[in-house]
Amino acid sequence: MSSNTEAIRELAQQEYKWGFVTDIGEDRAPKGLSEEIIRFISAKKNEPEFMLEWRLKAFRYWMTLEKAQAEPKWANVHYPPIDYQAISYYSAPKQKPSLNSLDELDPELLRTYEKLGIPLAEQKMLAGVAVDAVFDSVSVATTFKGKLSEVGVIFCSFSEAVQKHPDLVKKYLGSVVPHTDNFFAALNAAVFTDGSFVYVPKGVKCPMELSTYFRINAAETGQFERTLIVADEGASVSYLEGCTAPIRDENQLHAAVVELVALDDAQIKYSTVQNWYPGDKNGKGGIYNFVTKRGACRGKNSKISWTQVETGSAITWKYPSCILQGDNSVGEFYSVALTNNYQQADTGTKMIHIGKNTRSTIVSKGISAGHGQNTYRGQVKIMKDAAGARNYTQCDSLLIGDKCGAHTFPYIEVKNSTARMEHEASTSKIGEDQMFYLRQRGLKAEDAVSMIVNGFCKRVFRELPMEFAVEAQKLLSVSLEGSVG
Amino acid sequence: MSLLDIKDLRVRVEDREILQGVNLQMNAGEVHSIMGPNGSGKSTLAQVLARRETYNVTGGEVLFNGKDLLAMKPEEAACEGLFLAFQYPVEIPGISNAYFLRSALNAIRKYRGLEEMDAMDFLPMLRQKLKLLDMDDKLLNRSVNEAFSGGEKKRNEILQMAVLEPKLAILDETDSGLDIDALRIVAEGVNAMRNPERAILVVTHYQRLLNYIVPDRVHVLVEGRIVRSGGPELALELEDKGYGAYDAGAGASA
Chain A
0 MSSNTEAIRE LAQQEYKWGF VTDIGEDRAP KGLSEEIIRF ISAKKNEPEF MLEWRLKAFR
60 YWMTLEKAQA EPKWANVHYP PIDYQAISYY SAPKQKPSLN SLDELDPELL RTYEKLGIPL
120 AEQKMLAGVA VDAVFDSVSV ATTFKGKLSE VGVIFCSFSE AVQKHPDLVK KYLGSVVPHT
180 DNFFAALNAA VFTDGSFVYV PKGVKCPMEL STYFRINAAE TGQFERTLIV ADEGASVSYL
240 EGCTAPIRDE NQLHAAVVEL VALDDAQIKY STVQNWYPGD KNGKGGIYNF VTKRGACRGK
300 NSKISWTQVE TGSAITWKYP SCILQGDNSV GEFYSVALTN NYQQADTGTK MIHIGKNTRS
360 TIVSKGISAG HGQNTYRGQV KIMKDAAGAR NYTQCDSLLI GDKCGAHTFP YIEVKNSTAR
420 MEHEASTSKI GEDQMFYLRQ RGLKAEDAVS MIVNGFCKRV FRELPMEFAV EAQKLLSVSL
480 EGSVG
Chain P
0 MSLLDIKDLR VRVEDREILQ GVNLQMNAGE VHSIMGPNGS GKSTLAQVLA RRETYNVTGG
60 EVLFNGKDLL AMKPEEAACE GLFLAFQYPV EIPGISNAYF LRSALNAIRK YRGLEEMDAM
120 DFLPMLRQKL KLLDMDDKLL NRSVNEAFSG GEKKRNEILQ MAVLEPKLAI LDETDSGLDI
180 DALRIVAEGV NAMRNPERAI LVVTHYQRLL NYIVPDRVHV LVEGRIVRSG GPELALELED
240 KGYGAYDAGA GASA
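Residue numbers (numbering that gives the first Met the number 0), protein chains in the order written: chain A, 0 to 484; chain P, 0 to 253.
If we strip away everything but chain A, and leave its shape as in the complex, we get (with noise of 0.2 angstroms):
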């Protein structure tokens, strides 16, 4: 398979389309974490008090873990100590204090989202994608509010949440995942800058996809942004996320927190399309991309799927979960996850059956190339009272090439003997014959290869949203360079 082998190199040696810097003023906190930090960061948010109050009760909780070391090490997953005193916690590009519309935001900033094909502008209605940008810590801008208000959808930064619907921020947050929930969960908590906030009240369809893109520019910086969607009874809504940042040499951190909550009949739809810096072919630089994301069916008859495809990070760890609390309520886990080079993956998912009739689907597809280590880890709970519980579990590993690892970890706890439960798992290597049928009938080695992996993928592809499972498509061909060594 040698000249399968070479030409799958050739093919890749294409480098990270997304890591420009964008040369642009930023307001700063100097590096390092402290009381004094947070009440920066909250003074420069000009928060109400009880935000700071609870920010400081995360950071006094993730103090006691940090001295404890608590971080974390149960994931399949190898990298140095982090210095969390090493990291500043707040950049935010300089800008004019408020802003009325995106003429005046700065023209680099704008610059920076036509590289990204955002569709930042207004006049880009045709797109039919409302926006929200979050550019290192800060949300820049959210378009299309005035149309989502009409039909009384808030969507915004956190930022502007907090100071206009602080009410609904203090009902919410923290209510899915709590400070105390881990570790990262912890920091971000104390830390976190900026995110969106979704509210979409009751019986409201939203009537357009939210999206909202995250983008790291500034060295030596983390990113810890928070995003908290709420469904109220009846409503339902569809939100895209995407993520990029610079090719740096270093390595940086996002602990970004979501949750969701989906109160009766209400159903919340969230795709992610993840292409943070992977670092380079040697695995140096990438983004550590700890993140913690998790939905609440509260209500009855609710709906939370989440379906992601996660192609960049040094490592990824990462487990959006579903707590099915709500009677027939439903959890649904699509997942691919790529990793090349030296990337590390450890990613799955959790789903809590605690109400009756509670069903869960998980789909997962990891890809192993190059030296990539990945690993699925996921667990399926069904409680004591959730009769008639349902879960159905797909595990596929494909391997391209020798050299790289694929992992499964899954966890079933089962406390109710009503429940039925189904495992399914798989592990192929991309064949010498598949490449061969493809290439005798003209294509490309890398085309072939990218054909075989996008046929394994089309499972969960077919859940995002058209646009996203094109991006999706090229992301991957493009994210299998150098694969075979």
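These are computed hints drawn from the structure, not numbers from a lab. You may find that some hints are simply not true.
[Stated by the list, open to error] Only part of the chain A face toward chain P is listed, based on derived beta-carbon distances under 7 angstroms:
#1 Asp-432
#2 Phe-435
#3 Lys-457
Glycine included, each C-beta is placed from N, C-alpha and C at the ideal position.
Since the structure of chain A is already known, use the hints to place chain P on it.
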């Protein structure tokens, strides 16, 4: 100039010489058949011509349309107009047959400097070819060869050939695993593609397929050498007498 000119081709797999100096010439418009017992090197020859890289070519030369075939990658050979109908067609899960065929056709068109064909033009053309092979439309939306019956897989190979319109088609034991009806349909499909610009090389163990696809020339391959060549009547003779006459050492008498 011959379309295909094989001179003294020698191929090794590990320490065994599978092809021990094969010579063969084919002109456009001709149908040839390679017959031989199991293990004689028939499939090796087909796969080497299609440029499968797991084989080690140790000697000889192959000109395809005047170009050095042995210097080509599999996709280059395909784009130059060489098509192999596989003995064991491969499954590609998650990729629809129609999408796969259009990607293949467009890869070839691009190589030849032609414009890519869009779905609007492609689908009617594809449906027409389907009819030729008496195939169900539904096969277009199913994943390539996945959960196809043996007969469907073989018909699918000929469908691909009909779409890609090669200069040289090599059919590697296309008759194996086919019942008599499927065999007839496949053979009709192949016959419909016979034309003065195209050559077809039928590799087979049995004479049966040659009742339907009547070759211009028949070659007997035994132990990596062509020991005898003749007209279509040679196939019948083989059917009658078997390959026993060409056992080890008998090659010298050819």
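Each hint tested on the structure:
| no. | hint | result |
| --- | --- | --- |
| 1 | Asp-432 | 5 angstroms, holds |
| 2 | Phe-435 | 5 angstroms, holds |
| 3 | Lys-457 | 4 angstroms, holds |
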